[in-house]
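Chemist: What follows is each chain in one-letter form.
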Amino acid sequence: MNIDLILSNFLNPPILFFFLGMLAVFLRSDLEIPQPIAKFLSLYLLLAIGFKGGVGLYQGGVDHTVVVTIALAMLMASVVPLYSFFILRWRLSVADAAAIAATYGSISAVTFITATSLLVKLDIPYGGHMVAAMALMESPAIIIGVLFYRMFPTSDEGEGKSEFSWSELLRDAFFNGSVLLLMGSLLIGALTGESGKQALQPFTGDLFKGLLAFFLLDMGLVAARRLRDLQKTGIFLVSFAILIPLLNAMLALGLAYWVGLPKGDALLFVVLCASASYIAVPAAVRLAIPEANPSLYIPMSLAITFPFNIIVGLPLYLQAINYLWR
Amino acid sequence: MNIDLILSNFLNPPILFFFLGMLAVFLRSDLEIPQPIAKFLSLYLLLAIGFKGGVGLYQGGVDHTVVVTIALAMLMASVVPLYSFFILRWRLSVADAAAIAATYGSISAVTFITATSLLVKLDIPYGGHMVAAMALMESPAIIIGVLFYRMFPTSDEGEGKSEFSWSELLRDAFFNGSVLLLMGSLLIGALTGESGKQALQPFTGDLFKGLLAFFLLDMGLVAARRLRDLQKTGIFLVSFAILIPLLNAMLALGLAYWVGLPKGDALLFVVLCASASYIAVPAAVRLAIPEANPSLYIPMSLAITFPFNIIVGLPLYLQAINYLWR
Amino acid sequence: MNIDLILSNFLNPPILFFFLGMLAVFLRSDLEIPQPIAKFLSLYLLLAIGFKGGVGLYQGGVDHTVVVTIALAMLMASVVPLYSFFILRWRLSVADAAAIAATYGSISAVTFITATSLLVKLDIPYGGHMVAAMALMESPAIIIGVLFYRMFPTSDEGEGKSEFSWSELLRDAFFNGSVLLLMGSLLIGALTGESGKQALQPFTGDLFKGLLAFFLLDMGLVAARRLRDLQKTGIFLVSFAILIPLLNAMLALGLAYWVGLPKGDALLFVVLCASASYIAVPAAVRLAIPEANPSLYIPMSLAITFPFNIIVGLPLYLQAINYLWR
Amino acid sequence: MRPVKRIEIVIDSLELHKLLRSLEQLGVSGYTVIRDAAGTGDRGARAGDQLSDVLKNSYVITACPEEQLKPLIDAIRPLLKRFGGICLVSDAQWIVH
Amino acid sequence: MRPVKRIEIVIDSLELHKLLRSLEQLGVSGYTVIRDAAGTGDRGARAGDQLSDVLKNSYVITACPEEQLKPLIDAIRPLLKRFGGICLVSDAQWIVH
Amino acid sequence: MRPVKRIEIVIDSLELHKLLRSLEQLGVSGYTVIRDAAGTGDRGARAGDQLSDVLKNSYVITACPEEQLKPLIDAIRPLLKRFGGICLVSDAQWIVH
Ligand SMILES: Nc1ncnc2c1ncn2[C@@H]1O[C@H](COP(=O)(O)O)[C@@H](O)[C@H]1O
Ligand SMILES: Nc1ncnc2c1ncn2[C@@H]1O[C@H](COP(=O)(O)O)[C@@H](O)[C@H]1O
Ligand SMILES: Nc1ncnc2c1ncn2[C@@H]1O[C@H](COP(=O)(O)O)[C@@H](O)[C@H]1O
Ligand code: NA
Ligand code: NA
Ligand code: NA
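Chains as they are written, first to last, in the numbering used here: chain A, 9 to 334; chain B, 9 to 334; chain C, 9 to 334; chain D, 3 to 99; chain E, 3 to 99; chain F, 3 to 99.
Treat the hints loosely; a few may be bogus.
What the hints assert, rightly or not - Straight line, CA to CA, 25 angstroms or less: simulated DSS-like cross-link-like pairs of lysine-lysine:
1. B/Lys240 - B/Lys129
2. A/Lys205 - C/Lys205
3. B/Lys205 - A/Lys205
4. F/Lys20 - C/Lys47
5. B/Lys240 - A/Lys205
6. A/Lys47 - D/Lys20
7. F/Lys83 - C/Lys240
8. D/Lys83 - D/Lys20
What the hints assert, rightly or not - Stretch-level coverage of chain E by chain D, calculated; a stretch enters the list once three of its residues show a Cβ under 8 angstroms from a Cβ in chain D:
9. 16-30
10. 60-73
I should point out that these hints are in silico values taken from the structure, not numbers from a laboratory.
As the structure is a computational prediction, the values presented were derived from the model and not from experiment.
Note that CB positions come from ideal geometry on N, CA and C, so glycine has one too.
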């Protein structure tokens, strides 16, 4: 496999700061990022990437490929949780299977963002509509996961399930903070176009890599801390957290190749399908599937799938694309 | 009325993010900006605008118009609470009338800052001394409001009033965080001039619009949440919160025209008079006028007057100025 | 003494904001920086200075002077606590003497950073390895201080001392947040070199002065608040907090002159030796020397030595260097 | 001084609003909330998840007259059953002002 | 173990310093403060105003011997009267170390 | 409702992890932590040092059955002796869900 690719991904400051964060936990250092700062950084990244995407749409316009790409995104976002659920049922309770299926059907914005920073580093262009695709991929899996949970009989058929409102769930799925901020910034970017870009460039553009690096430092801390919880999850789920992303990536790769997405869009599409959520989904699932055990689905996506994707996945997927697309 | 003006104000990213914030609340989204970040952003804006103003003074120097403008500012800051109080007495208790009068006599830095960002967008220059004017307009109204409260008899003539120290009030009025940071940064800007500007430009200059946009996102959230409290305030106060700013604006417009302020300064002067405080005043009034009901004066300035000014007011006032000044 | 030097240090925005912070406390203003922001800024400064240093090493490479400088740094970091301890024993208990010796043997990153900002202002170059030197000077004094505490008999020979683990201490000394972040960023800077620098420049470079100014505003607040605690410390410790830095500076000056360090490196080396820790050491000492009184060693370094160094020390040391080095 | 029942509840932050709503419906004279509380219990550690707010607790305290206690407990119990948490009741004297 | 009175107070953050001052004047052996506490009471919701610190509560707890109770309450009551809040007193055992 | 002992501890934040470890070793069913608590006591003000976390307190509360009380206290006392702090024990009713 192409060594330069691995290196140029690895020597990306954000990735290195992610390692620094993990290292700090392994050395039992007291390094810590205040929680409000972590929240601010994740909001910033959503705002910045959304705004960029909007400006991109403003410049590129909405053409045929845009529609196709978004359609594919929605498709994958609904198919992945389906087969994930049945694979998981093989070993887990309905509740846990549904929750994890939702987690892997949805996406991780930070993985996406790290991928864009690699693309920028390699001067590979990508379309602003990919951000819209990402935003649209967050929610469907949540709905599907909850549907499974409510369709299949579970141990707790009492209050647990009855005490539930669809309206609340739909709100959590489609209007949760991250989706709304992404979509809103996208719209604002598309509305203000060039002039808006000029105005915000120093904030949303120039600072982007620096703040991403800082945020990944925190992600490293958080992910490493969660690693401990994995002892209880067992080998089945650990391997699931690595193999399913690869499977999703392969499917996505095939689709992207089939419809002939440009390289950059293809990588982002693959990364979206391979990534798992650890922000929007846990918050929604915790309320809608109270039976599910959060110390399963959070560590899996945060401590395994996320690091796997940004460290091994990114260069791997890009390598494959370079190979197929030439 | 000139449609371009409305648009170029409306398509200003900060304004759009303000709407996004309000939308988030209406959709009952869980979008939230951590409080320490909100505090930091408001401190940043005061520091940046103060510093800019100081550098402006350093470059422009202090001439006759500067003195006149500041004199006018002080005048309006003392006159507005006077008539506001007696208008309010028509329906409210002394305590509430005094508190609201102080609120509307004082100013809102964020409204001022949003106005400057519009001026920059339209390449209309403004003088650094306007920042000094703003800083000086914050305090007088507080003193006047409290004077009214203590002059006129109120229900609680006991501890409530006796337990009060003027020194504390004066400190709250003139040395509260926002006034001090504004004045201090102004001074530092004036002292360090060009070299200082160069050093801080990327922080206080380039980032300004971006961080303003982010802060207005939060303001949108906060303002929309406060809207609920308005049901209790009743129609009288709601209309007061829109009509008094217009009245103040008209008076300010007349004065500005009469002494022939340049366009930019005129707009800022008008905006200052039309705006109402929701930071310095509430904190001071809460202690000095404990009888007054905070859920009246805070929502009025925050949920009505502030949005009204930045959305309708700004283009309206500027339109009037363009009309008169030509 | 050269007046320009004093001025160009004094008219450095960061220094002025430090004064503003102190002023705010003296005026009993309610100006306050949220704690998470303060934490974030100190982390940012460590990351940025570390990264810069790393890039510097990447560009300059590691040559003979680098090794010598770092050797000197380690030497001073171990000698200073020695004589400090015996001077302090003259008046203080073993525990307090050991704690304060550790404080003054270690360094203050913010003092160092303020010095670099002065060097930049005066276009005096300095080597990236100085950052490495700083990182290496943080820990030794902690170890030595604790050694003294454990060697000499103290009032509490019971649990207090027994309940102690070296491994924990070493971790606190070498892997505490600031050391780790400094070293990590240094490494990342050295690994990513030019490309890394380009990517992070807007964040770690352009923003640096602005965020330093903001942080010093907070330092001013914190330092001034601590001044109160000094009444109890007494004249002996107050003069110690001024004279020992001067003594350390003189020794450092001699060494730097003797081995012929370039001007910039010399100033930073002197500043490091003259500065005292108020972050890493207190945290470590509090646990390892529970008998020591924190309201002695924290105010001394924070409220006396730190302001003294950045206001009087910097120009003084630089003046001396200009005099000797010409 | 008036004798009251002092009810303190630790509950998942995501459920806080439901708890407060039912407190208000039962017409308590007031309550106090401390938003960020970590903890461990039968459901494992809840150190507060930095990214999503999952696994964070909130601490609620309310003082009410003896006669309000029963209905309150009946309202609180199901919430605790569903999302875990703890509810302690103790006696206190309310300093009426 | 020494029996003490456990006094917990919720008061407007802006008034906190006054409360603490009078606690110190009365010579309590110590107190603990939790700065950010939201709540509702007779004076309506106090969710903590993001921009100004108005409408934010602080939670204070102090343990004192029986005999100190009376003067403490007399000192606290006027503050609560003026700015609202609540004060609960309960019995506890202090583990002397 | 089950009668329990309600143990609340204020301790130096730097020592918190030690306290929690010994709580777990003694097998308490759970505990709740409020991380940032300021305070003053014999060892002077502990307003929380902004820069280092020195001088910051944490507030811990745990409910346990009568019989667990003794061993808990024996475990807590040395920690408090070394780094100061306070430990109060009171009676409460645990609403079992
Ligand atoms: N014995 C206890 N004492 C104090 N807090 C507890 C106790 N048990 C549980 N908690 C709190 O209640 C939360 C949920 O408890 P559980 O539902 O048992 O996991 C925990 O995270 C703790 O914050
Ligand atoms: N019954 C209660 N139980 C617990 N806290 C209360 C109660 N009543 C009032 N409080 C607290 O005291 C604050 C002020 O109360 P009030 O003066 O009644 O508005 C409220 O915001 C609550 O935080
Ligand atoms: N009488 C008290 N009531 C409430 N909290 C106390 C009391 N005494 C001490 N504390 C808390 O325990 C911490 C350490 O106390 P000390 O070891 O006496 O300095 C203080 O900072 C307070 O937060
Ligand atoms: Na996915
Ligand atoms: Na006004
Ligand atoms: Na030193």
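Chemist: All hints are to be evaluated individually against the structure, with a verdict given for each.
Modeler: Okay, the hints, checked on the actual structure:
Between the alpha carbons of B/Lys240 and B/Lys129 the distance comes to roughly 39 angstroms, so the proposed pair goes past 25 angstroms and is violated. Taking the CA atoms of A/Lys205 and C/Lys205, the gap is near 24 angstroms; set against the 25 angstroms cutoff, the hint holds. Distance restraint check for B/Lys205 and A/Lys205: the Cα-Cα separation of roughly 24 angstroms lies within the 25 angstroms cut-off, and the hinted pair is therefore satisfied. Distance restraint check for F/Lys20 and C/Lys47: the Cα-Cα separation of roughly 24 angstroms lies within the 25 angstroms cut-off, and the hinted pair is therefore satisfied.
Between B/Lys240 and A/Lys205 the alpha-carbon distance is near 42 angstroms, which puts this suggested pair outside the 25 angstroms criterion. Between A/Lys47 and D/Lys20 the alpha-carbon distance is near 24 angstroms, which keeps this suggested pair within the 25 angstroms criterion. Restraint check for F/Lys83 and C/Lys240: the C-alpha separation of about 24 angstroms stays at or below 25 angstroms, so the hint holds. As the CA atoms of D/Lys83 and D/Lys20 are separated by approximately 13 angstroms, the hinted pair is consistent with the 25 angstroms bound.
With a threshold of 8 angstroms between beta carbons, the proposed coverage of the region 16-30 of chain E by chain D is violated, since 0 of its residues qualify and at least three are required. With 1 residues carrying a beta carbon less than 8 angstroms from a beta carbon of chain D, the region 60-73 of chain E misses the three-residue requirement, and the given coverage is violated.
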